[in-house]
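The listed protein sequences correspond, in order, to chains V and G.
Counting from 1, one number per residue, gives the positions in the first sequence under full-length UniProt numbering.
Counting from 1, one number per residue, gives the positions in the second sequence under full-length UniProt numbering.
There may be inaccurate statements among the hints.
To be verified - Below 27 Å or equal to it, Euclidean Cα-Cα: the simulated DSS-like pairs (lysine-lysine) are: (1) V:K171 x G:K92; (2) G:K183 x G:K41; (3) G:K92 x G:K143; (4) V:K32 x V:K67; (5) V:K107 x G:K162; (6) G:K41 x V:K171; (7) G:K143 x V:K148; (8) G:K41 x V:K148; (9) G:K162 x V:K225; (10) V:K127 x G:K162; (11) V:K171 x G:K160; (12) G:K160 x G:K207; (13) G:K92 x V:K148; (14) G:K149 x G:K225; (15) V:K48 x V:K4; (16) G:K160 x V:K107; (17) G:K143 x G:K183; (18) G:K207 x V:K48; (19) V:K225 x V:K41; (20) V:K127 x G:K92.
In case anyone wonders, no lab produced these hints; they're calculated from the structure.
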Amino acid sequence: MAKKIRAILVDLSGTLHVDDTVIPGSIEALKKLRETSAKIKFVTNTTKESKRILHERLARIGFSINKEEIFTSLTAARHLIDKRSLRPYMLIADAAKEEFSDINSEKQNAVLVGLAPEYFDYEHMTKAFRILLEGAPLIAIHRARYYKRSDGLALGPGAFVAALEYSTGCKSEAVGKPEASFFHSALEDLGCSATEAVMIGDDARDDVCGAMNAGLHGILVKTGKYRPGDESTVNPKPSYVAENFAQAVDHILSTWLISE
Amino acid sequence: MAVNSWLAEPIKGLLLDITGVLYESGEGFGTAIPGSVEAVKRLRETGIPVRFVTNETCATRAELIKKLHHHSFSVSEGDVFSPVPAVISLLKERGLVPHLLVHPAIECEFSGLVAGNPTCVVMGDADEAFSFANMNVAFRALKAMEDPKLFALGFGKYYKHKGQLQLDVGAFATALEFACDIKSEIVGKPSPLFFDAALSDIGITAKEAVMIGDDIVSDVGGAQKCGIRGVLVRTGKYTRSCENHPTVTPHFIANNLSEAVDLIIEAQSKNIHQV
């Protein structure tokens with residue numbers, strides 16, 4: 001039986017583009033998708049680029065995307081903060097603070113950790129530690145061990161989250177992909193359930209497996225970070241494996257049912 | 001009395017933590033904890049052997065002794081077991097070249113050992129030297145090693161300084177462990193080797209000793225894992241949550257060192273009379 005779909009979540013980097021290069025056919029495929037009644041959101045893990053910066057790049061390379069259609073791990077953090085009325089102490093990059101500019105920062109009752117080398121020092125870590133000791137929740141944008149930057153490898157937020165967890169005895173909540181809450185939160189304002197949605201991405205574990213564990217369908221594309229055989233390393237297996245985004249869209253349009 | 005059953009077996013030696021048990025750290029020399037100077041004196045008078053086991057790595061051993069003497073504690077350098085001399089002999093033994101992420105005040109202790117490409121990272125409580133830049137240099141040093149080795153001088157979660165709780169070396173060592181997917185080797189409490197060194201210096205077994213400290217995990221839990229009785233004091237970094245700790249139950253919780261020492265001395269004198 002054909003799958004019934006109402007919403008499509010699309011990863012950005014590696015699925016629609018790599019840096020400033022469009023993955024061939026993606027702009028046209030997105031246009032085709034927009035002609036249907038499917039609701040679309042662009043979902044990505046980011047710790048320092050705000051929606052505005054991501055949107056500027058996509059527009060520059062030719063995608064017609066609305067800023068409100070972008071849902072990032074920072075947006076997910078923001079949702080969680082609003083939902084629980086948290087006033088977080090933020091160890092996040094200055095560029096990312098745009099998304100949190102109107103948050104009350106008095107009497108902090110949570111700690112939010114992103115990628116913020118400029119704040120991962122004794123003074124800021126100790127401040128975060130003392131807030132957590134009072135029982136405040138620790139929210140991690142994600143838990144990467146390290147990342148690559150122009151001058152070599154650098155410690156990622158996961159290391160500092162692990163440090164705070166050790167000293168306070170608390171457990172952090174991650175908000176980015178592949179957390180189920182991330183996908184559910186992205187679907188929330190589309191008003192559709194997980195089973196009526198599909199996620200398209202190049203990361204077998206974080207995009208596809210994460211989405212499927214959250215109840216969505218998952219399509220893996222063989223672009224970006226994809227390496228041959230990735231689909232067989234994960235469980236559950238992708239609902240479909242496509243050559244690229246354009247072929248994924250064709251597959252959905254020709255074999256699945258898109259409903260209002 | 002069941003509460004004091006920990007006193008039933010003879011006590012032939014005491015291991016004492018320093019910071020938070022003898023004095024509270026703070027500006028300058030900090031402040032002696034009321035009754036502690038006299039408690040050490042009483043122990044000396046009764047002849048119960050005492051060794052001081054500390055994870056202090058923000059000062060050289062000589063400076064630490066100076067601080068203790070300033071408060072009139074009767075302590076000599078040979079009685080103090082601290083991680084720096086222990087790790088230095090370990091590095092020499094194994095022919096390792098350390099990359100240091102330690103407090104600037106103790107870097108001098110490692111002079112002569114830091115020549116050449118590092119083959120391990122030695123991490124102590126570096127305090128404000130725990131900057132992102134310094135952490136990253138240590139991280140890259142580990143990533144560059146064929147067989148990355150991380151020595152942590154203690155593995156405390158936090159300690160109390162100037163009346164406030166501060167992150168200790170364990171947090172930052174955990175960060176590097178997580179990033180490099182390795183386990184550190186602990187030199188200091190709660191490493192059994194560290195307790196053993198102090199016990200064999202006295203010449204007693206674990207069962208004959210009592211450890212008194214303010215760190216529920218490192219002092220009390222660490223000692224108990226070696227078979228040493230562990231007593232917690234309600235001074236230093238002690239907080240109420242230690243009273244029902246999920247994994248460690250102290251043999252006894254004393255208000256301070258003085259109370260614990262009084263009970264020990266009293267029990268010893270009874271034991272002697274009974275014999």
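Now the hints, each set against the structure:
no.: 1; hint: V:K171 x G:K92; result: violated, 39 Å
no.: 2; hint: G:K183 x G:K41; result: violated, 41 Å
no.: 3; hint: G:K92 x G:K143; result: holds, 23 Å
no.: 4; hint: V:K32 x V:K67; result: holds, 19 Å
no.: 5; hint: V:K107 x G:K162; result: holds, 22 Å
no.: 6; hint: G:K41 x V:K171; result: violated, 44 Å
no.: 7; hint: G:K143 x V:K148; result: holds, 13 Å
no.: 8; hint: G:K41 x V:K148; result: violated, 57 Å
no.: 9; hint: G:K162 x V:K225; result: violated, 50 Å
no.: 10; hint: V:K127 x G:K162; result: holds, 15 Å
no.: 11; hint: V:K171 x G:K160; result: holds, 23 Å
no.: 12; hint: G:K160 x G:K207; result: violated, 30 Å
no.: 13; hint: G:K92 x V:K148; result: violated, 35 Å
no.: 14; hint: G:K149 x G:K225; result: holds, 24 Å
no.: 15; hint: V:K48 x V:K4; result: violated, 35 Å
no.: 16; hint: G:K160 x V:K107; result: holds, 23 Å
no.: 17; hint: G:K143 x G:K183; result: holds, 14 Å
no.: 18; hint: G:K207 x V:K48; result: violated, 55 Å
no.: 19; hint: V:K225 x V:K41; result: holds, 21 Å
no.: 20; hint: V:K127 x G:K92; result: violated, 38 Å
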